[in-house]
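Trainee: Just so you know, the sequences run in chain order A and B. According to our numbering, the first sequence holds residues 27 to 268 in order. According to our numbering, the second sequence holds residues 353 to 421 in order.
Calculated directly from the structure, the hints in this document are not laboratory data. One or more of the hints may lead you astray.
[As the list claims (entries may be wrong)] Listed next, the in silico PhoX-like pairs over lysine-lysine satisfying Cα-Cα at most 25 Å (straight line): (1) A:LYS58 with B:LYS377; (2) A:LYS150 with B:LYS377; (3) B:LYS377 with A:LYS245; (4) A:LYS140 with B:LYS412; (5) B:LYS412 with A:LYS157; (6) B:LYS377 with A:LYS260; (7) A:LYS260 with B:LYS412; (8) B:LYS377 with A:LYS184; (9) A:LYS73 with B:LYS377; (10) B:LYS412 with A:LYS73.
Note that the structure is predicted; figures quoted are calculated from it, not measured.
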Amino acid sequence: MRVLFLYLILSVSFVCNSQINSGIISYSVQKKSIDSSENQSKNIGYKEFANNVDKKTNALKFKLVFNKSYGLFSLEDDLPIDGEDYMTKMAISLLRGNNVYYTDLINKVYYENKEILNESFSIKKNFDDTKWSVTKDSKLIDDYLCYKAVFNRPFLDKKGETRYTEIIAWFCPTLAFNLGPFEAVGLPGLVLEFHSGQYIFFANNILLEKESKVIEKPKIDKVVTQEELNKIIKRKLSEIKN
Amino acid sequence: MAVVMFVGSSLNLNANQTKSTVAYKSTCELYAEFHGTLFVANGLNYYEGYFGAYSICLNKLGAAGVLDG
């Protein structure tokens, strides 16, 4: 039944997508109204820090530029923010705005480019590494019918233990590009809304073009897997602490 | 305690600093802890938040000349 459902989605997308060769999607950021329990028991200093960072997140916007082969997701340039403001820098860091996500649709891989303690890394991931579960939940986003997909994203806590958080992507099969914000790639349609942690990234401007657009490939530095990077990070932390 | 009072406002560094470099570095570690915790609250790796804030803080101190001597 699930296979049939996916087949129908893909069929619709093929018919509707043949005229579009490139596009630019702008994403705004909104904080979810419900605060997680993580924040409840922290000290005043932490709460004040978190609030000050949070105030700066509203002004941040992201963009996805793409063609039929490649996609590039990053923080928008020329935002009306003070890039030197301390808490703005923290907010950009929290929303992963320092990272650049380059997706290669031909080889079904994406690179998460990031800098850690002034060293650049490119984390390479295959589409298959992210096991999305496509649901039948649907809703209209900007008149596009979108379906909900979920994934339990692993992350390391302070003790270095693996925990999981559910991330949600609302993708639109009529826009048959396997692209979206951050790691929300590989789904059968463009992701127009993405839930990650306490924040929602939603498309607020969708520009689709018949002409193909050249996507500039970012510099792919030291390519590592997430597991390799985790080891490097732990080593760096012990160097700082000692 | 002085470090905690520091939290919430930006690092206001100027030529008439009275804090020691050690105190500022402690502040950076505190910010790093907070940012790491914020990352975990958002389902992201603690260590990436920790290093992100630590780098931002150290760069700020470096730009202000605190780390020069």
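Trainee: Measure nothing beyond the straight line between the CA atoms of LYS58 (chain A) and LYS377 (chain B); if it is 25 Å or shorter, mark the hint as holding.
Mentor: violated, 33 Å
Trainee: Would the pair LYS260 (chain A) and LYS412 (chain B) pass a check requiring their Cα atoms to be no farther apart than 25 Å?
Mentor: Roughly 24 Å separates the two Cα atoms, so the pair holds.
Trainee: LYS377 (chain B) and LYS184 (chain A) were given as a pair; does the straight-line alpha-carbon distance stay at or below 25 Å?
Mentor: With a Cα-Cα distance of about 20 Å, the restraint between LYS377 (chain B) and LYS184 (chain A) holds, given a limit of 25 Å.
Trainee: What's the verdict on LYS150 (chain A) and LYS377 (chain B), does the C-alpha distance respect the 25 Å limit or exceed it?
Mentor: violated, 33 Å
Trainee: Below or equal to 25 Å on CA atoms is what counts here, so check LYS377 (chain B) against LYS260 (chain A).
Mentor: Cα-Cα ~20 Å, so holds.
Trainee: CA of LYS140 (chain A) to CA of LYS412 (chain B), is that 25 Å or under?
Mentor: holds, 20 Å
Trainee: Holds or violated: are the alpha carbons of LYS412 (chain B) and LYS157 (chain A) at most 25 Å from each other?
Mentor: At roughly 40 Å apart (the allowed maximum being 25 Å), LYS157 (chain A) and LYS412 (chain B) break the hint.
Trainee: Given the hint that LYS377 (chain B) pairs with LYS245 (chain A), does the C-alpha gap stay at or below 25 Å?
Mentor: violated, 32 Å
Trainee: Would the hint linking LYS73 (chain A) and LYS377 (chain B) be met if the CA-CA limit is 25 Å?
Mentor: Distance ~21 Å between LYS73 (chain A) and LYS377 (chain B) Cα, so the pair holds.
Trainee: With the threshold set at 25 Å, check whether the alpha-carbon distance from LYS412 (chain B) to LYS73 (chain A) stays at or below it.
Mentor: holds, 22 Å
When the structure is compared with the earlier hints, violations turn up for hints 1, 2, 3, 5 and for no others.
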